[in-house]
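J.: First to last, the sequence lines map onto chains A and B.
If you number the first sequence the way this note's numbering does, the last residue is 468 and the count never jumps.
If you number the second sequence the way this note's numbering does, the last residue is 746 and the count never jumps.
Simulated from the structure, these hints should not be mistaken for lab results.
Worth double-checking, as some hints may not be accurate.
As the list claims (entries may be wrong) - Dumping the calculated DMTMM-like pairs for lysine to aspartate or glutamate here, alpha-carbon to alpha-carbon at most 25 angstroms:
no. : chain 1 : residue 1 : chain 2 : residue 2
1   : B       : Lys710    : A       : Asp168
2   : B       : Lys598    : A       : Glu228
3   : A       : Lys372    : B       : Asp480
4   : A       : Lys39     : B       : Glu690
5   : A       : Lys297    : B       : Glu353
6   : B       : Lys460    : A       : Asp337
7   : A       : Lys367    : B       : Glu438
8   : A       : Lys297    : B       : Asp377
9   : A       : Lys372    : B       : Asp475
10  : B       : Lys419    : B       : Glu353
11  : B       : Lys471    : A       : Glu330
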Amino acid sequence: MQFLYETADVQTLRFDDGTLIINDADLNLIGEYVVWDARIKQHRAQAMAYEPIVRALHGKSEYTDEVKQYQSLSLKEDKPLAMRPYQRQSLARWLDHKKRGVIVLPTGAGKTYVAVQAILAAQRSTIILAPTIDLVQQWAADLEARLQVPIGQYGGGEKNLQDITVATYDSGILIMPHYGDRFGLLICDECHHLPSDMTSLVAEACIAPFRLGLSATPERTDGQHGRLEELLGPIVHRSDITELEGEYLANYQAEVLEIAMDEDEFAAYNANRQIYLDFVRSEHINFSSPDGWQQFISKAARSANGRAVMTAYREQKRLARASQAKLRVCWELIQDHRDERIIVFTDDNATAYELGRRMVFPVLTHNTKSAERKHMLNQFRSGVWPVLVTSRVLNEGVDVPEASVGIVVSGSGTVREHVQRLGRILRPAQGKVAILYELISAGTAESYTSERRRSHVAFGQQEQDFEDAE
Amino acid sequence: MLNKETLRYKIDGDAIKPTFIGSKGTLLDLSNQLLVFWQSKLQETRAVINDEITPYLYRARNLQVSRGLNKLIEDRSEFTEPANQKEFRERAFAISTAALSQPCADLREHHKQLAQQLNLSSKQLYDQLYADLPQASVLSKACDLSGTQLIQTYNMAQAQGLLLYASQVDVAIAETDTNFRRKLLKALRFQRLLAKIKQDDAGNLLLSVSGPSAVLDQHQRYGLQLALFLPAIACAGDWAVTAQVRCPHKERRNPVQLFLDKSSGLVGQNKFLGYVPEEIEVLIKTLGEKNPDWQCDDQAPLLVVDKGEIIAPDLRIQTDDNVHVIEFFHRWHALPLRRRLEQIKQGQAKQLLLGIDRSILKRKEFADLAGDPLLEERGFLFSNFPSPSAIRKCIKAQ
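Here chain B stands alone, though its shape is the one from the complex (with noise of 0.2 angstroms):
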């Protein structure tokens, strides 16, 4: 993801457009360059390569964009942490302190002395103290994206990083075909985003989503999770995305406009349409391994209620007599809870089972919950996520 001072656009009145590079011509060359000395670089540590990639850095016509492109590549990179020297660090300084009682006028015989009595060299101790600063970890594998590639994920992350400073965020998908949209609706729920779904009389998808600045707990990882979000947005044959925003910058005290679609020319990625998160793939495959004669999978059936809402639970369990799904509401999910128990109240999405965060019921503002005889009969708690024991006794009490 690009940072504040990478972040690149322009605000026109009450409206904010990222700023888009070409994927041919001299940035192209740029991202290659890059890329190529990222990929020589392989058991350098960080200081040595952040210094030597100030240069090529430098020669791009806008450091601005350099510094962006050069932050995605890093961001895909991966190092390998050097050990972690505290102890040693412990044993270093306890001698230290021992020898300060003993008046030394010349700071190398002291180091030395220091040394010795860690049998180390002088250097080794230099070395070794600090050899654990994260400047020190050793780039192992490097980004593996191609020169337009690179182009392509850095035009996204202009778009994802307005979208880090969100408020509200209206998704207009007019993709028909439902695999794609049952596929959209998971990563929508994978993310764990806040959103109303509904269905408009054209068949248009329309999503409203809550942005960050709208949500209090952990902000910024949801923050991060809408701008994954993007990506698989993208990958409709034809979509619209409108939110407000803060300017990053502050250039406004109001919120402006971001309006992005498919002439934007972001290109989606498949990846974050089929992502299913790992601990939703060991639940479904733990599920199965305890209960045999149960199918499990992320396959659930969207549920439509009134008004055209749109219900896209987590899971699908199908045990000998019934088809459960189930809706897990995370730490974010509090006020759709409220909701949905007002929906099921009346007559609607009779076959949901519903996975609650405990820190929701905690809430002052939704404590009110935590006695509603329904969660007793339809519901669950969880900590941070479902547990299958937890699942298993809720369907067995159907």
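Bound conformation, chain A alone (with noise of 0.2 angstroms):
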């Protein structure tokens, strides 16, 4: 029960600007969560305390909450589909977990139904975070199609509140101190860049009781995925793509393919890498600690020969990334799966552009403008373009479930885009195997690189911590 009095000397919540005031806080029930303002002569506590305050004080000291906005909700679903048993187990033990935690799951596995459970099980305003506006975009979609209710989304020029709202993580950082009190159930897509500093901001500018964080990676190189569980909650769930393969998604097989430079750029490869490496040893660069790049850039713009290296470690890295025979292998590869839907993914734009002008396929990259970048999704979920080059944009969440046949060209050494792009091809479909064949140069530090992003159930190897390679 709450106690609502008028007079000014009752504890009184506040929300404002991101952050909640309290007046005449009681210190010995919620001193742990507030700090004492000096310019407002008020204590202050982050939004995201809301819970434990209002906890701390129910039935124990008098209080007024002006904080509260959200609503309670009916919602329900248009056609109701029945759960796969761990959407099922998920559910249950975010609910168990009084609504609060962080589910794990692959990509493909049915993440946004879970979500859509959640909020029907919550009934209360929901906002729901996603990396980026195609995200936001497909969110907002599905939402509107299973719940039947209009959808707010804040991002890529659409600023339109609702009970029920996506946003991209951008967005959230810049509503939430005007918005936060308005949502009783935070979910956070990808919920991995949450705990990046900035971003965490927009869980902790939020009220919200409920949260729900979603992802098949959440483990971050940085080691700040320690800081979800207090920005949503513990991991409740996780279930591994090894667990659901073949039932829940497709089968897959996943290639290595060494491949021999040809002889010419080998040799360039060598001397290229070996004027990279000799500066890198005179100069005692450490890669390994954690300003080793910036290190190298700064040496490098100091010294006489500063301007051949960069381009020596340039070359030698353009060299392994797209060889003539690994461009050979890519075409052969496309040509033998031509009946197919295929993606190849590039670790930089310059590749990806060099395999659509050499092949003539369409590129999708950052620098495709959106109408274009829809279209060529649009084509390539229909058939009408079966093959589609990109480099980083199709990473995460984007879905494009009729892909089967994924070619790693070049990529990061992080598990994690190896374990996203995985996930584009794994959309379940009767009798398919999707395929990701990775191309390696022999030879060169690809090997190295390659290596470390298999480090993961996935490719048939434990888990460790996520790290760049190179």
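Starting from two chains that each stand alone, build the complex the way the hints lay out.
T.: Structure follows, in structure tokens:
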């Protein structure tokens, strides 16, 4: 029960610019959540402390709650689907944890549907945050179809607040100081983005007592994933790709193809790499330290032969990423799978456009304008253009269920990127066997990079701490 | 404008201080070298320029400074965008998809066949397919600043860059020249900033301006407009700016204080004082043409209301029998609108007419204003920018 008094000396909770202001705070009960703000001579707390503060005060101290602006809803699902066992289990675990926590499911396992059930279970105004505009649009379309209510959107020019609203994390940072009191449920898709310094503000500035994080790969290279528990709750459920493969995800194969470079290119690769390595050794640059790359840049900038070293560095990398031999093998693979839907992944735009120009295929990068990007994805989904070349923009979240073949021509050493790329081709279909090819230039640093990114159970290895390679 | 990567500043306790550079010696040499380089690259593509500028940037003692200077030159240069190739790509992809059904082991041969179908050589097909990427744009006009001006612009941009992270900006102007004040407040109006203007007992002009962090809608655009106001402030005889800003790289969670004044050495730019946006010029011209018996201009007098608050209207229109002054309330100005309505109800600013962006009244928290009879009586609505016909209708109704 909540006590409502109009007198000024009753403890009052107010929402202010993404924080809570508490006048006459009962420090015995809520002292651990508040700090004294000398400017306004009142106590202040993070908005996300709303739930523990109210819980601490409830029935023990009089207070007026002027914070909560979110609504109780009566949402219904238009055409309910049968939940898969692991979806049911993950939802049950989330409910057991007082509607807080992180659910880890592989891409393609139906995380969105679990979120829909969480919204129906909570029946409170909800904000869903996603890292990209493509994902926001995907969420909005899906939720509107399932819940048959208008869905608000923030991001990519849209500014529309509704009881159920989807926003990018960037927009979330902007709107939470204003609307952080309007949501009872906070859902963070691809929640591994959340713990970074600025992005974490969206969770801190929101009062939502109920919180759900969704990710296939919650671990972060900087170790900040530990903050997910504070911001959203503990990991309450985890299913791996291998557990769901075959029944709920497509069967898949992951093949690494080591490709010998042409003689002239291999010689050029070795010569350039030697220049680069000689410089790294002579300058005692330590790439295993967090600022290794910065050290390299700044020492190269000050060195007389810095320009030549940088050129050599870029050239050896370019040769390993996009050798003629790799391009030929990539072309052979495309020919072998010409009746299927193929995504070709590269690490950088230059390689993506080189492939696109040489093979005359659509290339989707951050340079692709929005309308053309939408068109390319539609043409790919409908099979009109069966091959799509991309650098990193399709790494995360975007739904291309028709794809069954992935060719990684080049990539970073991060496990997350590689697992997410695999996820693009794992949506189940009758009799589908997805294949992820990874092309490695033999005898180059790519072997090491490949080993690092395959340190995951999805590729038959034990998971390790996610760390970036070179 | 500088980006986060090229902003240089120091944080000392709760204060943040931009790192300015001197306008002599090696940095002046570097500025001149960069400017000469850009002048020599007319008709070159952005890709070539980016590649060839690298040694110049690396030669500098501080890469962050050279990149910052280079970015300001690039922003002040003009490029011709290449022709859009979307339709060509559509045709090429249709042909390449059809060709996939006939296996061809040799990629070069395959490419040659596709090119033939498009009546092109293989090289032409290769070049044209993605010829509209930003890297293919061509330099048509290079930045025409001098080396010294570039450094002044750089220092101003360091301060402006921090203002993009401000939540509150307080400005004090000791300049008493009425003409200057009118121009400054006009610049404030024309940048559509959200501000409370006052005069203190000593005659100083005090502006309390909301920063982009305090604005919900289009905050990036608002931030840029706030930044553009700083060169106008720096034209004053004596001035000081105090701003609460978030650290761009999140070094502190709480806001820190930015303080700038005349001693900071920033050089003001008069063009920002005299700046009249094109849309205002067009509006005044159209109003004059359609109403030859009216006199329209942007010289509206400043109105002093309760507690020394000053209102700087956007337009003055003199009709046969009256002088009307109009204040526009753009999408950010919801709170001042509420305050203005109160002031008018209290009998202040009697001659003021109000132009209001519809988007304000669409917001839940300001929907109640829509029914205010004063709006019917003294105001008119617009979408994005006022139309001459709406203004005319409002004036005729007075």
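J.: So, for every hint listed, does it hold in this structure?
T.: Hints versus structure:
Between Lys710 (chain B) and Asp168 (chain A) the CA atoms are separated by roughly 24 angstroms; this keeps the pair inside 25 angstroms, and the hint holds. Between the alpha carbons of Lys598 (chain B) and Glu228 (chain A) the distance comes to roughly 19 angstroms, so the proposed pair stays at or under 25 angstroms and holds. For the given pair, Lys372 (chain A) sits about 18 angstroms from Asp480 (chain B) by alpha-carbon distance, which is consistent with the 25 angstroms threshold. For the suggested pair Lys39 (chain A) and Glu690 (chain B), the alpha carbons sit about 29 angstroms apart, so the restraint of at most 25 angstroms is broken.
Simply put, Lys297 (chain A) and Glu353 (chain B) have alpha-carbon atoms about 18 angstroms apart, close enough for the 25 angstroms limit, and the pair holds. A C-alpha spacing of about 22 angstroms is found between Lys460 (chain B) and Asp337 (chain A), which places the hinted pair at or below 25 angstroms, so the restraint holds. Pair hint Lys367 (chain A) plus Glu438 (chain B) holds up; C-alpha atoms about 15 angstroms apart against a cutoff of 25 angstroms. In summary, the hint linking Lys297 (chain A) to Asp377 (chain B) is supported, as the alpha carbons are separated by about 22 angstroms, within the 25 angstroms threshold.
Between Lys372 (chain A) and Asp475 (chain B), the direct Cα distance comes to roughly 24 angstroms. Compliance with the 25 angstroms bound is thereby established for this hinted pair. Straight-line distance between C-alpha atoms of Lys419 (chain B) and Glu353 (chain B) comes to about 11 angstroms, which keeps the hinted pair within the 25 angstroms bound. The hinted pair formed by Lys471 (chain B) and Glu330 (chain A) meets the criterion: a straight-line CA distance of about 22 angstroms does not exceed 25 angstroms.
Of the numbered hints stated above, the single one contradicted by the structure is hint 4.
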